[in-house]
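Chemist: Sequence:
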Amino acid sequence: MPRIFRIPRRDALVSLAAAVLAIAVYWPVRRAGFAWDDFKFLLESGWMTDRSQWPALLAHGFPEWAGYYRPLGVALYIVETNLSQFLPGPMHLLSLGIHVANIILVGALARILLRQCSAHPAYAPLETTGWPLLAMLVYAVHPALVEPVVWISAQYDMLTTGFTLLGLLVNLRARHAATRAVGVALCFLLAAASKEAALSFPFLLVVFDWFRTRAMPDGAPGLPASWVLRTVARRQWPVYATTLAAGIVYLGLRAWGLGFLVNPATKATWAFWPQLQETCYTYLAYWKLIAWPMNGLAPMYDVDAAPFAGVSMRLIAVDAAAVALALLGLWQWWRRTSIGALVAGVSAALLPVLHLVPQQFAGSLYHCRYAMTAIAVACALLPLLLHDGRVRERSRRLVRSLALVACIWLAFALANTRACIPLWSDDVKLWQWALFENPGSAKAQESLLGAYIRTNDYGRAKELADLMMRGEARASFGSMLNIAALRIALRDVDGASLALAEAKKDMNPSQIRYSYLRSYMLLSGQLGELKDDLGEAEEAYRAAIAFEPQLPEGYMRLALLALRRGDHADARRLYDQALQRYEPAERARIRQQFDAAFTGSDARRADESLADPAR
1 MPRIFRIPRR
11 DALVSLAAAV
21 LAIAVYWPVR
31 RAGFAWDDFK
41 FLLESGWMTD
51 RSQWPALLAH
61 GFPEWAGYYR
71 PLGVALYIVE
81 TNLSQFLPGP
91 MHLLSLGIHV
101 ANIILVGALA
111 RILLRQCSAH
121 PAYAPLETTG
131 WPLLAMLVYA
141 VHPALVEPVV
151 WISAQYDMLT
161 TGFTLLGLLV
171 NLRARHAATR
181 AVGVALCFLL
191 AAASKEAALS
201 FPFLLVVFDW
211 FRTRAMPDGA
221 PGLPASWVLR
231 TVARRQWPVY
241 ATTLAAGIVY
251 LGLRAWGLGF
261 LVNPATKATW
271 AFWPQLQETC
281 YTYLAYWKLI
291 AWPMNGLAPM
301 YDVDAAPFAG
311 VSMRLIAVDA
321 AAVALALLGL
331 WQWWRRTSIG
341 ALVAGVSAAL
351 LPVLHLVPQQ
361 FAGSLYHCRY
371 AMTAIAVACA
381 LLPLLLHDGR
391 VRERSRRLVR
401 SLALVACIWL
411 AFALANTRAC
421 IPLWSDDVKL
431 WQWALFENPG
441 SAKAQESLLG
451 AYIRTNDYGR
461 AKELADLMMR
471 GEARASFGSM
481 LNIAALRIAL
491 RDVDGASLAL
501 AEAKKDMNPS
511 QIRYSYLRSY
521 MLLSGQLGEL
531 KDDLGEAEEA
541 YRAAIAFEPQ
551 LPEGYMRLAL
561 LALRRGDHAD
571 ARRLYDQALQ
581 RYEPAERARI
591 RQQFDAAFTG
601 SDARRADESL
611 ADPAR
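Just so you know, we're using UniProt numbering here: the sequence shown kicks off at 1 and counts up by one.
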């Protein structure tokens with residue numbers, strides 16, 4: 001095994017203990033189901049089952065990912081969905097495995113930082129295992145990580161965090177310049193291929209490289225900064241050069257895969273004051289999420305952005321606190337203190353999600369999963385802060401107080417993590433929780449209605465849909481589609497027609513999500529069937545297939561439509577095309593549905609033949 005990955009037996013046992021705890025805490029996920037975008041990306045579109053489309057999917061991404069280029073994350077989804085036969089249990093266990101790997105990387109990074117960057121290198125052997133163990137435990141049970149660990153569609157967040165941690169570890173451990181440069185650049189490229197948030201990687205490199213000079217002979221605190229900068233440049237220029245090259249390679253692949261670097265459909269409106277206040281608010285919200293994540297962990301944060309354009313004492317206080325924290329962190333980082341490294345490291349990890357560019361993320365101001373890399377960096381740097389000689393020299397009472405605070409934090413975190421896991425494991429519970437935390441949220445209502453329909457809970461679905469149609473709840477384009485789906489399931493022609501008409505009023509193909517347009521076409525076809533207008537239904541289904549050729553439901557509905565017309569040969573052909581696009585777990589149900597329709601069609605034809613003397 002290469003020297004860079006060798007772990008002493010004592011450290012290996014500590015890592016094993018943290019891994020066992022994480023597995024024990026998250027073990028219920030083996031029975032968790034799909035949630036949120038899992039249905040749309042992994043189950044409904046047909047991309048994952050059509051092997052002929054995999055190269056295009058890897059090269060260009062999901063059609064819905066208009067501005068995302070994540071080939072490594074997509075490749076992982078393709079492999080795991082097909083190996084697991086589209087069962088959620090194995091996919092959740094894979095997510096747990098990635099989380100365990102990241103826990104071990106956090107511990108390894110904490111140990112190497114203690115040994116290389118401590119200004120007080122004389123410490124007891126217990127501290128070399130105790131503090132990294134604390135770092136791993138905090139990361140293992142941090143409540144904000146329940147979202148990415150339990151939600152399958154967030155695996156690319158965990159991949160980006162893992163490759164970022166691995167790159168930082170290689171940068172600290174590899175002694176040979178060429179090995180270090182190539183290893184770091186490769187990790188950066190893999191992190192970027194997992195998710196665009198890898199933008200923070202180069203900034204984290206600079207944060208760690210500058211901070212570690214305090215423990216080097218040429219970087220003593222008393223030396224001029226220019227001398228230290230030259231020291232860093234002499235040692236690290238190959239790393240920076242290859243990292244830059246890796247970034248250029250990624251941008252080239254992105255431009256080839258998507259046809260652009262920045263999504264041209266994104267219309268950013270720049271306004272200094274609202275943008276500054278939104279960034280400051282988000283920055284402090286993430287710090288709160290990292291330091292005390294014991295409440296407000298719902299899947300979305302429906303924050304009204306309108307006040308950011310104005311002036312209030314509360315927002316000015318938020319701005320002042322955020323700017324003061326960032327500047328104080330930079331100043332202390334420049335002085336190469338432990339607290340400065342922690343604040344600067346977390347800030348660098350959060351750069352891609354602070355709304356510095358005016359673009360909203362998934363209808364929410366911030367998300368737990370976006371803090372994942374920042375939490376990992378904070379945990380890795382925490383032992384160095386606690387081991388700081390100035391903390392230990394104050395008094396043993398202070399050390400004991402910190403240990404007590406850590407134990408209390410871990411107890412609360414463990415309880416919150418176990419409470420959140422079942423909520424993320426069930427789509428209905430997830431959106432009931434989201435609506436409870438964000439009353440009146442159109443997105444939460446829309447998603448909860450969809451979850452009710454998916455589980456055939458038409459009673460609660462109808463109650464919520466009626467509220468939306470009466471204007472007592474905030475309706476959206478997606479909500480109207482869900483209401484139409486419910487009314488079609490209840491065979492309510494007038495209700496379905498009204499809902500689709502309301503949806504059409506708000507339709508703007510350039511601004512509506514890809515999956516919504518697909519659903520609108522399918523629902524229009526189903527409504528046509530409900531009205532016995534088979535021509536209208538066929539036109540809508542063919543439009544849906546033309547829009548997304550991998551769509552299994554479009555082929556299946558056309559097949560059933562052909563049966564109604566008595567065209568068995570065309571029905572069989574379309575059915576075969578549909579069946580190969582459905583995930584394996586659904587194929588038995590689809591076969592049964594088609595066979596029942598086929599038998600019914602034959603019976604009807606026989607009855608008509610007996611009733612018609614001309615035949």
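No wet-lab data here; the hints were simulated from the structure.
Heads up, a few of these hints could be off.
What the hints assert, rightly or not - DEER-style ranges, computed between Cβ atoms:
no.: 1; residue 1: ALA585; residue 2: ASP506; range: 48 to 54 Å
no.: 2; residue 1: VAL323; residue 2: GLY259; range: 35 to 41 Å
no.: 3; residue 1: ALA255; residue 2: ASP466; range: 28 to 34 Å
What the hints assert, rightly or not - For lysine-lysine, the following DSS-like pairs were computed, each having C-alpha atoms within a straight-line distance of at most 25 Å:
no.: 4; residue 1: LYS40; residue 2: LYS288
no.: 5; residue 1: LYS531; residue 2: LYS505
no.: 6; residue 1: LYS504; residue 2: LYS40
no.: 7; residue 1: LYS462; residue 2: LYS429
no.: 8; residue 1: LYS462; residue 2: LYS504
no.: 9; residue 1: LYS40; residue 2: LYS462
no.: 10; residue 1: LYS505; residue 2: LYS462
no.: 11; residue 1: LYS504; residue 2: LYS531
no.: 12; residue 1: LYS505; residue 2: LYS40
no.: 13; residue 1: LYS504; residue 2: LYS429
Beta carbons: idealized from backbone N, C-alpha and C, even for Gly.
Chemist: Now look at each hint and say whether the structure bears it out.
Modeler: Now for the hints, and whether the structure bears them out:
1. In this structure the hint that ALA585 and ASP506 lie 48 to 54 Å apart at CB is violated, the actual value being about 34 Å.
2. One distance hint, 35 to 41 Å for the beta-carbon pair VAL323 and GLY259, holds here, with the actual separation near 38 Å.
3. In this structure the hint that ALA255 and ASP466 lie 28 to 34 Å apart at CB is violated, the actual value being about 48 Å.
4. The straight-line distance between the Cα atoms of LYS40 and LYS288 is roughly 32 Å, outside the 25 Å bound, and the hint therefore fails.
5. A hinted pair counts as satisfied when its Cα atoms are at most 25 Å apart, and LYS531 with LYS505 qualifies at roughly 21 Å.
6. Only pairs whose Cα atoms come within 25 Å are accepted, and LYS504 paired with LYS40 is accepted, the gap being roughly 21 Å.
7. In summary, the hint linking LYS462 to LYS429 is supported, as the alpha carbons are separated by about 17 Å, within the 25 Å threshold.
8. Straight-line distance between C-alpha atoms of LYS462 and LYS504 comes to about 21 Å, which keeps the hinted pair within the 25 Å bound.
9. Among the hinted pairs, LYS40 with LYS462 is consistent with the structure: their alpha-carbon atoms are about 22 Å apart, no more than 25 Å.
10. For the hint pairing LYS505 with LYS462, the CA-to-CA distance comes to about 22 Å; that is within 25 Å, so the pair holds.
11. With a C-alpha separation of about 19 Å, the suggested pairing of LYS504 with LYS531 holds against the 25 Å cut-off.
12. Proximity of LYS505 to LYS40 is assessed by CA-CA distance (about 24 Å); at most 25 Å being required, the pair is judged to hold.
13. For the hint pairing LYS504 with LYS429, the CA-to-CA distance comes to about 30 Å; that exceeds 25 Å, so the pair is violated.
Comparing the model with each earlier hint shows violations of hints 1, 3, 4, 13; every other hint is respected.
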